[in-house]
Amino acid sequence: MATIEFEKLDKVFDTGAHAVRSVSLSVTDGEMMVLVGPSGCGKSTLLRLAAGLETETSGRILIGGRPVSHLPPEQRNVAMVFQDYALYPHMTVRRNLAFPLKMMKAGRAQIHKRVRQVADLLELGPHLEAKPHQLSGGQRQRVAMGRALVRNPDVFLMDEPLSNLDARLRVKMRREISSLQKRLGTTTIFVTHDQVEAMTMGDRLAVIRNGTLQQVGTPREVYAHPANVFVAGFIGSPGINLIRGRIFREASGVAVLAIGSHRLAIPETLIREKQQYTASENEELLVGLRPEAFTAPDMVPESRRIEVDIQHIEEMGHEWFAYFQIEGISLLSSDGKNSYWNAVNTGEKGDKDLPEREGLMVARLQNAPLIKRHGRVLLGVKTDACHLFDQNGDAFL
Amino acid sequence: MSKSIQNRHLLLSYGLLILVALVFVWPLVFMLAASVTPNEQVLARASGLGALLSRDWTWSNYKSVLGQLEFFSFLRNSIFIVGVIVLSGLVVNSMAGYALSRLRWSGREAVLAVVIALMVIPYEALAVPLFFEMTVVGWINSYQVQIVPFIANAFSIYLFYTFFNSIPRELDEAARMDRASPLQTFFHVAAPLARPAFASVAILSFLMNWGVFLWPLMVTRGPGYQPLPVALGYFSANKPVRWGDIMAFGTLMVIPVLMVFLIFQKGFVKGIARTGIKG
Amino acid sequence: MKLPRGDTVWGWIMASPAVIGLLLFMVLPFVVAIGLSFTTYRFNSPLPLRWEGLGNYIDLLTSSDFLRAVLNNIMFAAVVVPVQTGLALMLALLVNQRLRGMSVFRTLFFMPVIYPMALVAVVWALIFAPAPTGLMNRIVALFSFGHVQAPIDFLRNGYLAMPCIMVMSIWQGVGFQMVILLAALQGVPETLYEAARIDGAGRVARFRHVTMPQLRNSLIFVAMVTTILAFRLFDQIWILTRGGPNNATTTVLYQAFVASRERNQIGLGAAMAVLFFIFVGVVTLVQHFGVRQHREIQ
Numbered sequence: 000m001a002t003i004e005f006e007k008l009d010k011v012f013d014t015g016a017h018a019v020r021s022v023s024l025s026v027t028d029g030e031m032m033v034l035v036g037p038s039g040c041g042k043s044t045l046l047r048l049a050a051g052l053e054t055e056t057s058g059r060i061l062i063g064g065r066p067v068s069h070l071p072p073e074q075r076n077v078a079m080v081f082q083d084y085a086l087y088p089h090m091t092v093r094r095n096l097a098f099p100l101k102m103m104k105a106g107r108a109q110i111h112k113r114v115r116q117v118a119d120l121l122e123l124g125p126h127l128e129a130k131p132h133q134l135s136g137g138q139r140q141r142v143a144m145g146r147a148l149v150r151n152p153d154v155f156l157m158d159e160p161l162s163n164l165d166a167r168l169r170v171k172m173r174r175e176i177s178s179l180q181k182r183l184g185t186t187t188i189f190v191t192h193d194q195v196e197a198m199t200m201g202d203r204l205a206v207i208r209n210g211t212l213q214q215v216g217t218p219r220e221v222y223a224h225p226a227n228v229f230v231a232g233f234i235g236s237p238g239i240n241l242i243r244g245r246i247f248r249e250a251s252g253v254a255v256l257a258i259g260s261h262r263l264a265i266p267e268t269l270i271r272e273k274q275q276y277t278a279s280e281n282e283e284l285l286v287g288l289r290p291e292a293f294t295a296p297d298m299v300p301e302s303r304r305i306e307v308d309i310q311h312i313e314e315m316g317h318e319w320f321a322y323f324q325i326e327g328i329s330l331l332s333s334d335g336k337n338s339y340w341n342a343v344n345t346g347e348k349g350d351k352d353l354p355e356r357e358g359l360m361v362a363r364l365q366n367a368p369l370i371k372r373h374g375r376v377l378l379g380v381k382t383d384a385c386h387l388f389d390q391n392g393d394a395f396l
Numbered sequence: 000m001s002k003s004i005q006n007r008h009l010l011l012s013y014g015l016l017i018l019v020a021l022v023f024v025w026p027l028v029f030m031l032a033a034s035v036t037p038n039e040q041v042l043a044r045a046s047g048l049g050a051l052l053s054r055d056w057t058w059s060n061y062k063s064v065l066g067q068l069e070f071f072s073f074l075r076n077s078i079f080i081v082g083v084i085v086l087s088g089l090v091v092n093s094m095a096g097y098a099l100s101r102l103r104w105s106g107r108e109a110v111l112a113v114v115i116a117l118m119v120i121p122y123e124a125l126a127v128p129l130f131f132e133m134t135v136v137g138w139i140n141s142y143q144v145q146i147v148p149f150i151a152n153a154f155s156i157y158l159f160y161t162f163f164n165s166i167p168r169e170l171d172e173a174a175r176m177d178r179a180s181p182l183q184t185f186f187h188v189a190a191p192l193a194r195p196a197f198a199s200v201a202i203l204s205f206l207m208n209w210g211v212f213l214w215p216l217m218v219t220r221g222p223g224y225q226p227l228p229v230a231l232g233y234f235s236a237n238k239p240v241r242w243g244d245i246m247a248f249g250t251l252m253v254i255p256v257l258m259v260f261l262i263f264q265k266g267f268v269k270g271i272a273r274t275g276i277k278g
Numbered sequence: 000m001k002l003p004r005g006d007t008v009w010g011w012i013m014a015s016p017a018v019i020g021l022l023l024f025m026v027l028p029f030v031v032a033i034g035l036s037f038t039t040y041r042f043n044s045p046l047p048l049r050w051e052g053l054g055n056y057i058d059l060l061t062s063s064d065f066l067r068a069v070l071n072n073i074m075f076a077a078v079v080v081p082v083q084t085g086l087a088l089m090l091a092l093l094v095n096q097r098l099r100g101m102s103v104f105r106t107l108f109f110m111p112v113i114y115p116m117a118l119v120a121v122v123w124a125l126i127f128a129p130a131p132t133g134l135m136n137r138i139v140a141l142f143s144f145g146h147v148q149a150p151i152d153f154l155r156n157g158y159l160a161m162p163c164i165m166v167m168s169i170w171q172g173v174g175f176q177m178v179i180l181l182a183a184l185q186g187v188p189e190t191l192y193e194a195a196r197i198d199g200a201g202r203v204a205r206f207r208h209v210t211m212p213q214l215r216n217s218l219i220f221v222a223m224v225t226t227i228l229a230f231r232l233f234d235q236i237w238i239l240t241r242g243g244p245n246n247a248t249t250t251v252l253y254q255a256f257v258a259s260r261e262r263n264q265i266g267l268g269a270a271m272a273v274l275f276f277i278f279v280g281v282v283t284l285v286q287h288f289g290v291r292q293h294r295e296i297q
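Residue numbers (numbering that gives the first Met the number 0), protein chains in the order written: chain A, 0 to 396; chain B, 0 to 278; chain C, 0 to 297.
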């Protein structure tokens, strides 16, 4: 059992790529920490640094309070599950599982016992004498897990271990890994590009972009209070609607959010929040509205309704997704500049299941039968749920 | 294509193939034929299958070659020298190839560059200064002079290096995470996966060293440490020429080579082809 | 870059046996050769060791024996490299057909490559035997309809000895090139031929415009190996002709062998070795350059 601390970690590869930039992060004992971010953001590098497979350019790593930078992987007592499992193809499942114990010079009887225990735990008993190529994807995944937990390491490192499974198996394994980890109480760092996986599995998430830590927090914190537009855009599916807007008090004294020519009443708290940060009344802000911030019009007062142009509706039974435009408003990407659609297509957003947005805003509605399937309708906006960011994309508290 | 043209094409192809095959096979048949022909008859008769088919087919040449104790001494020398070179070469060169492919160490780039540069240099080019070096060390006329300099081999190292490069790096990393040291990773994970490379290198190295001629000619004095090819060279220079005996000697010498080749043919040809494609 | 500490130690441990071997038996002799080549070093010589400067090189470049050896090597290369490569290409095309039993033919054509050269030499010595009943003499008699005065002593004839050596060398070595070219042929994507066919290319055009460009690198490699091989010419010379008659078949390596082994002239032999290196270096560079140029064009 151990804590893991990264202190001002930097990694520059020989190629000059700056993969990790001054990352400081502590993982508490027994915690499941998920590193999440788009592909190439440096999350795997961070994991490999913890494993000792890469050497940091500067900074420190402590495992259980002990600096490990000078230790090769085999002396760190950490176990790793690889994306492609990395099962030894020439060994049977039994020998794969026994290998870490053999390297620890465990006795034969003990090896036999541990392998048996792990095989039972992961339901691998019937496959012990099979070679990896004879196993299904899910079974291979289990063997990879088994090899990691057979020797009770201080830390588990998991590098996208579920990405090669089909969707159904992935959901099942998510649950299994989570409950296994809770039961064993082993500190774990789990790397994924899939924000759903991150939200459902992590005790806490660390959102990473371009080698920089964006935000660390519980799934709820990160979702409810994204630190910047990137986090807001990356976490949540379908993604947040990000647009430009202004907040001010009208002559009548009502606090409003102005989106183009539209005016929506907002709670007083928002305007106070904003006043702490900006001087100018007219400064443009970035406004994030989650799909569930929209609602049927009769659920909110009249001052919080907006006219939108529905393009199409996706019916899920228990909820509806309405895709729409608002006249004169364009959707922004999470860097606050390009259209959102560009960002999706260039792969910034890791979630492959995301439907193509084509620059449309999306609302998640519970009682949409009241709404027309096409054309102009009124939607309600829960303006108290909107996220405000300054021009740099950073959240107001 | 019409049936008849196709048939004619087929006939032509096979005709040509068989003709060429005869050119390549005939000298071997010729040797076999001569080896069972009485010495004094060889020149007159051996040009054809006649010798093999004739009635006074004889084992006497083999008896006379095998009857000399020296033949077994040459055979023992060859087997010992080549065996030690091949086996120790597999260990030494595969470890180096692994270190170059997988470990990150100061000097890795430099060693790799040296290996690649040395690959094209044939040992014959170094024979004279190496001969000098061995004379200074006092190794002339010994086993070690024929073995030790040829264990480390740039070409074998490079073959292992490229093969290890083709094995997924994750497997090594997994072994390291499973607490194996680099040496343990090599023995338990990388080497078992590199079996084809070990086979290629072993066969290539066996065939190269089995035929080595110039070096033992330079560094041996008398039959004590001579391998088969040099012995054959001296034997063939004796007057009067005993063709039957020479061919029997040659046949005995080529049998191990043919066996190794025919058993491992596929992997062997693949190994050679692999060396050529990268060029 | 900071290196993982464990890796550096292990890297050196695992590589050192091979590295030490290469240093002691390849790099050191190389350095020693350069040093010795400037001296008069001889084994068992009562004379004191003297610095010769370029003396050995000047001696070599003015010695008719050595110049003849260089000339012979060049002649050998000039004939054997193109002929052997050309034959190898033809053989590769021949065995690249999809016919039954092709693997047997491939094996048969390749087999001489594995024979020890000493063995090949004694077998061919018998083939070239100077008797009316010798195989080669019979073949000559057959094709000349008795016009040629038999028997010819091929290996003791100043004009014929070298061509005979060439013939047997090609016979022994062509399978090696064939295998490499065959692999290259099989690496040509079938779609290229299909595309060329659709573009109306016939057999010859397909060979010229599809096969040959794809084989270029392999042909260069094969030619380079054969060229270096041509300068290693020794085993068959020692067994068949000992450089004779009248230096007609002497080679650089044979001269180096005789100088250092039989005349103890190590300094002189070393100078020949140095010239050999320079040659190998030049050939390698030429090949390297040729291959790179090709990549640029692509």
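Please keep in mind that the hints were generated in silico from the structure rather than gathered at the bench.
Glycine included, every Cβ here is placed at the ideal spot set by N, Cα and C.
It is possible that some hints are incorrect.
Claimed, not checked - Derived Cβ-Cβ restraints for the label pairs, each shown as a range:
{"hint": "1", "chain 1": "B", "residue 1": "194", "chain 2": "A", "residue 2": "135", "range": "34 to 42 Å"}
{"hint": "2", "chain 1": "C", "residue 1": "77", "chain 2": "A", "residue 2": "16", "range": "48 to 56 Å"}
{"hint": "3", "chain 1": "B", "residue 1": "258", "chain 2": "C", "residue 2": "43", "range": "42 to 50 Å"}
{"hint": "4", "chain 1": "A", "residue 1": "69", "chain 2": "B", "residue 2": "71", "range": "55 to 63 Å"}
{"hint": "5", "chain 1": "B", "residue 1": "143", "chain 2": "C", "residue 2": "145", "range": "29 to 37 Å"}
{"hint": "6", "chain 1": "C", "residue 1": "101", "chain 2": "A", "residue 2": "38", "range": "42 to 50 Å"}
{"hint": "7", "chain 1": "C", "residue 1": "66", "chain 2": "A", "residue 2": "15", "range": "49 to 57 Å"}
{"hint": "8", "chain 1": "C", "residue 1": "77", "chain 2": "B", "residue 2": "103", "range": "25 to 33 Å"}
{"hint": "9", "chain 1": "B", "residue 1": "143", "chain 2": "A", "residue 2": "101", "range": "34 to 42 Å"}
Take the C-beta atom of residue 66(C) and the C-beta atom of residue 15(A), compute their distance, and say whether it sits inside 49 to 57 Å.
-> For residue 15(A) against residue 66(C), whose Cβ atoms are near 54 Å apart, the range 49 to 57 Å holds.
Status of the given 55 to 63 Å range, CB of residue 71(B) versus CB of residue 69(A) = Holds - the Cβ-Cβ distance for residue 69(A) and residue 71(B), about 58 Å, lies within 55 to 63 Å.
Cβ distance range 42 to 50 Å for residue 258(B) and residue 43(C), holds or violated | Given a distance of about 44 Å, which is inside 42 to 50 Å, the answer is holds.
Can the suggested window of 42 to 50 Å be confirmed for the beta-carbon pair residue 101(C) and residue 38(A)?
-> holds, 47 Å
Return holds or violated for the Cβ distance of residue 77(C) and residue 16(A) against the range 48 to 56 Å.
-> holds, 51 Å
Between residue 194(B) and residue 135(A), is the Cβ distance one that fits in 34 to 42 Å?
-> Taking Cβ atoms as reference, residue 194(B) and residue 135(A) lie about 26 Å apart, which means the hint is violated.
Go ahead and decide if the range 29 to 37 Å is satisfied by the Cβ distance of residue 143(B) to residue 145(C).
-> Given about 57 Å between the Cβ atoms, the range is violated.
Does the hinted range 34 to 42 Å hold for residue 143(B) and residue 101(A) at CB?
-> holds, 37 Å
Is the hinted range of 25 to 33 Å satisfied by the C-beta distance from residue 77(C) to residue 103(B)?
-> violated, 47 Å
Of the numbered hints listed earlier, those contradicted by the structure are 1, 5, 8.
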